[in-house]
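K.L.:
If you want the building blocks of each chain, they are given just below.
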Amino acid sequence: MAIDVGAAAIDRDNTFVGGYTSFDGTNPANATGTIDTVEAWTQSSPTDVTAATFFLVSGTTYQCRDSEYIGIVISGSKQTFTGLSISVQTSDLIGTHFTNGATAFEATASQPSGSSYYVSGEYKDAGDQASYTAYTKTFSLYGTGTEAGGGWANIAKVNGVASASISKVNGVAKASIAKISGVAV
Amino acid sequence: MLVKFNLTGTHIIKGLLKVRLDLYPDVTSKTYAQQYVDHYAQELTQEELDNPALLALVPTHKELNPCLCHFITIDTTKSLPDLFAEVKAIFDTATLMVLDDALSKSDVQRVSQIMKGKVGTGKEVKGNLTKIVNDTNAKLASLQVEV
Chain A
1 MAIDVGAAAI
11 DRDNTFVGGY
21 TSFDGTNPAN
31 ATGTIDTVEA
41 WTQSSPTDVT
51 AATFFLVSGT
61 TYQCRDSEYI
71 GIVISGSKQT
81 FTGLSISVQT
91 SDLIGTHFTN
101 GATAFEATAS
111 QPSGSSYYVS
121 GEYKDAGDQA
131 SYTAYTKTFS
141 LYGTGTEAGG
151 GWANIAKVNG
161 VASASISKVN
171 GVAKASIAKI
181 SGVAV
Chain B
1 MLVKFNLTGT
11 HIIKGLLKVR
21 LDLYPDVTSK
31 TYAQQYVDHY
41 AQELTQEELD
51 NPALLALVPT
61 HKELNPCLCH
71 FITIDTTKSL
81 PDLFAEVKAI
91 FDTATLMVLD
101 DALSKSDVQR
111 VSQIMKGKVG
121 TGKEVKGNLT
131 KIVNDTNAKL
141 ASLQVEV
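First to last, the protein sequences are chains A and B.
Going by the working numbering, 141 is the number at position 141 of the first sequence; the sequence numbering is gapless.
Going by the working numbering, 102 is the number at position 102 of the second sequence; the sequence numbering is gapless.
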């Protein structure tokens with residue numbers, strides 16, 4: 001099963017500025033595994049962006065589980081980042097940190113409280129804890145990847161062997177296989 | 001298509017040196033229209049960011065954005081010709097075709113699957129990590145690879 005976490009990385013009509021550590025509150029991770037792909041849409045090209053996963057400790061305290069630095073996120077279109085390795089567990093939330101307050105992610109305002117959470121400053125490293133404030137904006141940051149176990153999203157077994165246990169099919173490395181019998185893996 | 005090393009993404013994580021490869025679509029690519037977009041011609045002020053009416057007044061110009069930003073681990077001792085060969089192998093013709101199609105359809109799970117196994121061949125790095133990042137960026141500055 002593919003990991004699904006965060007809000008759609010789309011062009012929105014408001015902004016979510018830098019200087020904060022923040023995470024989405026609308027779409028927690030559906031499974032445990034690794035986020036290898038992140039999508040983002042920014043309005044003004046923040047230059048020092050980190051993508052991260054967070055989980056609730058207690059009350060309003062959340063902890064960063066894992067993160068990876070991605071650099072600049074160029075504005076004006078959806079930007080897709082692959083080759084990442086960010087640990088995620090079921091119910092984790094995806095978030096970000098970037099320092100420049102004059103840059104921003106695309107966001108939608110006037111959403112229910114808890115659509116996102118933020119804290120001033122940098123709490124982007126694994127183990128960092130802080131007390132977060134519920135916020136009414138949804139911002140454009142989405143993550144996907146593979147559930148722990150490494151199975152394919154759409155094919156559970158090939159010739160009776162679980163997809164998570166397969167390394168090759170007919171001599172072709174698993175990572176290079178796009179379809180089997182016309183079905184996307 | 002063209003791959004440019006984006007030096008803002010160079011980092012060390014879990015002992016591995018990672019570099020960022022920005023893939024720019026050709027004019028004939030399915031993703032070209034999605035990535036040939038308006039950019040603000042000046043740095044935005046906080047006031048402009050906070051006020052959509054003011055933001056609409058900021059002049060813009062067209063620029064081509066990357067259709068994909070992919071990270072690979074690299075070995076610091078790898079020669080540039082070998083690194084370029086690795087980049088070409090990652091973005092071979094068959095991969096570019098399916099990738100362009102998946103990106104144009106915003107099929108992010110498919111993109112994830114296509115790129116998942118293409119993570120590079122880097123080994124653990126030790127020593128002055130800041131210097132390793134700086135030296136790597138100096139080595140890769142302004143370089144690009146036709147794929």
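Hints are computed from structural coordinates only; laboratory data are not their basis.
Watch out, some of these pointers could steer you wrong.
[Said to hold, decoys possible] Straight line, CA to CA, 27 Å or less: simulated DSS-like cross-link-like pairs of lysine-lysine:
1) B:Lys105 with B:Lys88
2) B:Lys88 with B:Lys139
3) B:Lys116 with A:Lys168
4) B:Lys139 with B:Lys4
5) A:Lys124 with B:Lys105
6) B:Lys78 with B:Lys131
7) B:Lys116 with B:Lys126
8) A:Lys124 with B:Lys78
9) B:Lys116 with B:Lys62
10) B:Lys30 with B:Lys123
11) A:Lys157 with B:Lys116
12) B:Lys30 with A:Lys168
13) A:Lys168 with B:Lys139
14) B:Lys14 with B:Lys116
15) B:Lys123 with B:Lys14
16) B:Lys105 with B:Lys126
17) B:Lys62 with B:Lys78
18) B:Lys123 with B:Lys105
19) B:Lys123 with B:Lys62
20) B:Lys62 with B:Lys131
21) A:Lys124 with B:Lys88
22) B:Lys123 with B:Lys4
23) B:Lys14 with B:Lys105
24) B:Lys30 with B:Lys116
25) B:Lys88 with A:Lys168
26) B:Lys116 with B:Lys78
27) A:Lys124 with B:Lys30
Just so it is clear, the structure is predicted and the values come from calculations on it, not from any experiment.
K.L.:
Could you run down the list of hints and mark each one as holding or not?
P.N.:
Evaluation of the provided hints:
no.	hint	in the structure
1	B:Lys105 with B:Lys88	holds, 24 Å
2	B:Lys88 with B:Lys139	holds, 18 Å
3	B:Lys116 with A:Lys168	holds, 15 Å
4	B:Lys139 with B:Lys4	holds, 13 Å
5	A:Lys124 with B:Lys105	violated, 31 Å
6	B:Lys78 with B:Lys131	holds, 17 Å
7	B:Lys116 with B:Lys126	holds, 26 Å
8	A:Lys124 with B:Lys78	violated, 31 Å
9	B:Lys116 with B:Lys62	violated, 32 Å
10	B:Lys30 with B:Lys123	violated, 35 Å
11	A:Lys157 with B:Lys116	holds, 19 Å
12	B:Lys30 with A:Lys168	violated, 31 Å
13	A:Lys168 with B:Lys139	violated, 36 Å
14	B:Lys14 with B:Lys116	holds, 18 Å
15	B:Lys123 with B:Lys14	holds, 11 Å
16	B:Lys105 with B:Lys126	violated, 41 Å
17	B:Lys62 with B:Lys78	violated, 36 Å
18	B:Lys123 with B:Lys105	violated, 35 Å
19	B:Lys123 with B:Lys62	violated, 40 Å
20	B:Lys62 with B:Lys131	violated, 36 Å
21	A:Lys124 with B:Lys88	violated, 33 Å
22	B:Lys123 with B:Lys4	holds, 22 Å
23	B:Lys14 with B:Lys105	violated, 33 Å
24	B:Lys30 with B:Lys116	holds, 22 Å
25	B:Lys88 with A:Lys168	holds, 23 Å
26	B:Lys116 with B:Lys78	holds, 22 Å
27	A:Lys124 with B:Lys30	violated, 35 Å
In this structure, the hints that do not hold are numbers 5, 8, 9, 10, 12, 13, 16, 17, 18, 19, 20, 21, 23, 27, in rising order.
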